[in-house]
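*Asks:* Read off the chains here:
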Amino acid sequence: MAEVGGPVERPFPPGDYPLVVVGSGPGAIQVSYSLTRLGVPHAVLSRDPAPGGMFRRFPFFQRLLSWTKPYAPATRGGRAFERYDWNSLLAREGDDTPIAADEAVMVDLMDGTSEFPSRPEMEAGITEFARRTGVVVRFGCTWQSTAREEGPDDVRFLLRTSDGTYRARVLIFAVGVAEAWQPDTPGMEHVAHYVDTRPAAEYAGKRLFIIGKQNSGFELANGLLSYAERIVLASPRPARTSVETNSLVGIRARYVQPVEDHIMASGVHILNAAIERVEPVESGFVVHTRASADGAPLPVEADAVIAATGFTAPLLDLPALGVATFGQSRLPAMTDFWESATVPGIYFAGTIMQGAKGPLKYGIPSNSGAVHGARYNARILARHIAEQHFDGAPARPAVPPDRVAAYLAREASEAPELWNQKGYLARVLTLDDAAPGGRRRRTAGGAWRDDGILPLAHFADAGGPDAAAIAVEGDQAGVIRPALYIRRRGVVTEHLLDPHPLHAFASAEYRAAIVAALAGLGGAS
Amino acid sequence: MRERGPGTQSGELRDELARLALFADLEGAQLEAVAHIFEEAWYPAGTRVVRQGFAGSGFYVILDGEVNVVVDGQPRARLVRGDFFGEAAILLGESPIADIVADGPLRVLHLAGQDLRSFLLAYPRVTYRVLVDQTRRLRNANQWRR
Numbered sequence: 001m002a003e004v005g006g007p008v009e010r011p012f013p014p015g016d017y018p019l020v021v022v023g024s025g026p027g028a029i030q031v032s033y034s035l036t037r038l039g040v041p042h043a044v045l046s047r048d049p050a051p052g053g054m055f056r057r058f059p060f061f062q063r064l065l066s067w068t069k070p071y072a073p074a075t076r077g078g079r080a081f082e083r084y085d086w087n088s089l090l091a092r093e094g095d096d097t098p099i100a101a102d103e104a105v106m107v108d109l110m111d112g113t114s115e116f117p118s119r120p121e122m123e124a125g126i127t128e129f130a131r132r133t134g135v136v137v138r139f140g141c142t143w144q145s146t147a148r149e150e151g152p153d154d155v156r157f158l159l160r161t162s163d164g165t166y167r168a169r170v171l172i173f174a175v176g177v178a179e180a181w182q183p184d185t186p187g188m189e190h191v192a193h194y195v196d197t198r199p200a201a202e203y204a205g206k207r208l209f210i211i212g213k214q215n216s217g218f219e220l221a222n223g224l225l226s227y228a229e230r231i232v233l234a235s236p237r238p239a240r241t242s243v244e245t246n247s248l249v250g251i252r253a254r255y256v257q258p259v260e261d262h263i264m265a266s267g268v269h270i271l272n273a274a275i276e277r278v279e280p281v282e283s284g285f286v287v288h289t290r291a292s293a294d295g296a297p298l299p300v301e302a303d304a305v306i307a308a309t310g311f312t313a314p315l316l317d318l319p320a321l322g323v324a325t326f327g328q329s330r331l332p333a334m335t336d337f338w339e340s341a342t343v344p345g346i347y348f349a350g351t352i353m354q355g356a357k358g359p360l361k362y363g364i365p366s367n368s369g370a371v372h373g374a375r376y377n378a379r380i381l382a383r384h385i386a387e388q389h390f391d392g393a394p395a396r397p398a399v400p401p402d403r404v405a406a407y408l409a410r411e412a413s414e415a416p417e418l419w420n421q422k423g424y425l426a427r428v429l430t431l432d433d434a435a436p437g438g439r440r441r442r443t444a445g446g447a448w449r450d451d452g453i454l455p456l457a458h459f460a461d462a463g464g465p466d467a468a469a470i471a472v473e474g475d476q477a478g479v480i481r482p483a484l485y486i487r488r489r490g491v492v493t494e495h496l497l498d499p500h501p502l503h504a505f506a507s508a509e510y511r512a513a514i515v516a517a518l519a520g521l522g523g524a525s
Numbered sequence: 001m002r003e004r005g006p007g008t009q010s011g012e013l014r015d016e017l018a019r020l021a022l023f024a025d026l027e028g029a030q031l032e033a034v035a036h037i038f039e040e041a042w043y044p045a046g047t048r049v050v051r052q053g054f055a056g057s058g059f060y061v062i063l064d065g066e067v068n069v070v071v072d073g074q075p076r077a078r079l080v081r082g083d084f085f086g087e088a089a090i091l092l093g094e095s096p097i098a099d100i101v102a103d104g105p106l107r108v109l110h111l112a113g114q115d116l117r118s119f120l121l122a123y124p125r126v127t128y129r130v131l132v133d134q135t136r137r138l139r140n141a142n143q144w145r146r
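Chains as they are written, first to last, in the numbering used here: chain P, 1 to 525; chain B, 1 to 146.
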């Protein structure tokens with residue numbers, strides 16, 4: 001990797017490219033690697049001086065929420081190990097032979113004191129992955145504006161940067177969702193955002209008011225417990241923990257200590273209240289709140305106020321170009337394949353992918369807002385772009401009918417894509433009635449083909465030949481089970497399989513359940 | 001990062017909710033709270049937001065756009081801005097009996113199915129509006145049968 005290895009000529013000078021990726025965080029590095037594996041030529045630009053994206057700076061207290069377990073119940077570096085390693089980027093492509101040197105990068109870099117890597121370890125992991133895999137980035141090149149140019153044959157995008165103008169038919173923005181966002185509440189201009197939190201010692205003996213009760217707010221509260229005299233956290237919605245929601249929605253277990261301190265009335269107060277205004281006074285601030293339950297006003301004095309009020313995606317002028325956005329995070333409206341729903345040819349990678357909601361079964365969102373979800377999306381995105389824009393035709397290996405049930409059951413038991421993106425990604429097998437070369441098969445029922453990992457929503461809605469997809473799903477009660485989806489004559493039906501206490505879904509019992517649901521489709525057994 | 005803070009969209013979503021019949025009886029702090037209880041989502045045309053026969057569906061309120069209610073492939077009804085859907089399957093503990101398909105770009109509010117009961121109990125004025133709307137739908141269905 002040129003920029004990491006030493007000062008050599010900067011890659012990707014301004015000019016025409018088939019595709020341009022913007023960013024150098026895990027999302028950009030992963031999608032660039034996957035595009036290269038598929039032979040899609042592209043340039044990668046980043047305003048930063050080195051890889052890492054948001055992990056070059058955050059989390060504030062320097063410890064991630066996502067684990068890498070070196071002694072997991074799977075062979076280190078193997079595919080199944082990815083389920084226990086949420087932080088390494090992916091060098092393998094599905095089941096193919098692993099490139100040993102590139103697997104499970106994070107395990108090699110963590111000091112063993114915690115299964116949650118430190119921020120510097122994560123930053124080093126992204127850099128090391130890029131070095132090992134040869135991902136090249138033009139650093140110090142800031143995307144400034146975007147335009148569309150109608151050519152004689154097609155549409156091209158113009159990307160104006162600090163280094164000059166780039167032209168490309170396809171753009172991928174992997175610019176993160178980590179830009180500070182504060183509401184327009186009166187007085188908020190006096191309040192520091194999470195990203196501007198001062199060193200912890202500066203809050204020693206202070207009365208701290210944190211606006212916001214999601215993970216960033218609780219991360220600060222947890223880290224400042226031993227410094228602040230009193231901590232008040234407030235937002236309109238009651239805080240829920242991940243162990244209450246049985247998902248990654250809510251406050252993660254690592255940050256629950258302030259909740260216990262609140263329950264024990266030990267210097268932490270958690271309020272369900274709207275913030276009406278923040279008033280600067282001589283002694284600091286008065287935060288005027290109004291209780292969500294009964295509208296009762298409550299002014300709270302504080303020496304310091306921090307807005308842990310969320311983050312947005314820095315899309316610059318893309319909305320003016322026609323990219324529709326929604327919600328406070330200003331996420332782009334996307335297709336199931338993370339393409340702008342309103343400006344074809346513009347795609348998104350990394351944490352922005354959380355804008356493509358998927359089925360939202362049981363109200364549980366995807367993990368696309370985290371590395372362990374977005375890394376799989378990036379691989380699918382690269383394949384999709386290769387097929388749609390570069391005449392790529394990825395392999396669709398045949399699956400013998402007598403192996404279909406065993407294959408689906410094994411995927412439900414082990415596939416990291418299905419476990420890390422529960423209810424969002426699925427392994428898809430399609431009955432292909434066309435023989436190689438486009439000739440129609442003479443045998444009835446066609447042949448099973450492995451279409452790889454695809455968004456479940458796409459499988460459910462896109463139509464097509466008879467097919468089967470397996471996903472892993474968790475519900476609101478914390479029950480995890482395989483979910484089989486079968487498409488016959490264009491209609492997709494859901495078949496929920498039984499849960500298992502140890503999540504062992506590859507047994508004869510599960511294979512039999514799959515065979516029964518397929519009911520002879522394509523001769524599957 | 002995936003977070004939404006207080007005051008989120010306070011100037012936009014709260015005011016938007018206030019203009020919808022479903023939330024018309026709520027006042028300031030309640031509207032602010034409701035704006036934080038729901039999640040916003042955006043779907044391209046043709047998306048099945050609710051899928052017939054699929055477990056674990058949610059409750060939705062249309063902010064922008066329109067949807068078709070489709071049973072076994074046959075369009076049965078049309079819902080527009082301010083309408084809501086998904087509550088019947090949740091309240092009855094069954095899988096949806098219809099697809100809800102976006103007819104054009106669709107922006108909605110979403111509430112997980114398991115959170116609907118506590119929401120309706122916490123906001124009885126919204127529950128009353130839901131009841132009125134359900135009664136109207138039932139009446140229309142009965143008229144259609146005659």
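For the record, the hints were derived by calculation from the structure and aren't laboratory data.
Incorrect hints may appear among the rest.
[To be verified] Pair ranges (Cβ atoms, derived):
| hint | chain 1 | residue 1 | chain 2 | residue 2 | range |
| --- | --- | --- | --- | --- | --- |
| 1 | P | Val479 | B | Val71 | 20 to 30 Å |
| 2 | B | Gly104 | P | Arg396 | 30 to 40 Å |
| 3 | P | Ala508 | B | Arg136 | 47 to 57 Å |
| 4 | P | Arg10 | B | Gly53 | 49 to 59 Å |
[Said to hold, decoys possible] For the chain P half of the interface with chain B, some residues (derived, Cβ under 10 Å), not all of them:
| hint | residue |
| --- | --- |
| 5 | Ala253 |
| 6 | Pro332 |
| 7 | Val343 |
| 8 | Gly345 |
[What the hints assert, rightly or not] Here are some chain B residues the structure puts well away from chain P; computed CB gaps all over 12 Å:
| hint | residue |
| --- | --- |
| 9 | Leu31 |
| 10 | Pro75 |
| 11 | Ser95 |
| 12 | Val101 |
| 13 | Arg107 |
Every residue, glycine too, gets a C-beta built ideally from N, C-alpha and C.
*Asks:* Taking the hints in turn, state whether each one holds.
*Replies:* Cross-check of the supplied hints:
Hint check: valine 479(P) to valine 71(B), Cβ distance near 29 Å, so the stated range 20 to 30 Å holds. A beta carbon spacing of about 33 Å between glycine 104(B) and arginine 396(P) agrees with the range 30 to 40 Å that was offered as a hint. Look at alanine 508(P) against arginine 136(B): about 53 Å separates their beta carbons, and that is inside 47 to 57 Å. In this structure, arginine 10(P) and glycine 53(B) meet the distance hint of 49 to 59 Å, their C-beta atoms being roughly 55 Å apart.
About 17 Å separates the beta-carbon of alanine 253(P) from the nearest beta-carbon of chain B, more than 10 Å, and the hint is not met. Hint status for proline 332(P) relative to chain B: holds, with the closest Cβ pair at about 9 Å, below 10 Å. A least Cβ separation of about 12 Å between valine 343(P) and chain B goes past the 10 Å threshold, and the interface hint is therefore violated. Given hint, glycine 345(P) at the interface with chain B, is violated; its Cβ is 15 Å from that chain's nearest Cβ, farther than 10 Å.
At roughly 9 Å from the closest C-beta of chain P, the C-beta of leucine 31(B) falls inside 12 Å, breaking its exclusion from the interface. At roughly 16 Å from the closest C-beta of chain P, the C-beta of proline 75(B) stays outside 12 Å, upholding its exclusion from the interface. A Cβ of chain P approaches the Cβ of serine 95(B) within 12 Å, the least distance being about 8 Å, so the stated non-interface status is violated. The claim that valine 101(B) lies off the interface is violated: its Cβ sits roughly 9 Å from the closest Cβ of chain P, which falls inside the 12 Å cut-off.
Its beta-carbon lying about 6 Å from the closest one in chain P, arginine 107(B) breaks the requirement of being farther than 12 Å from that chain.
Hint compliance for this structure: hints 5, 7, 8, 9, 11, 12, 13 are not met, and every other hint is.
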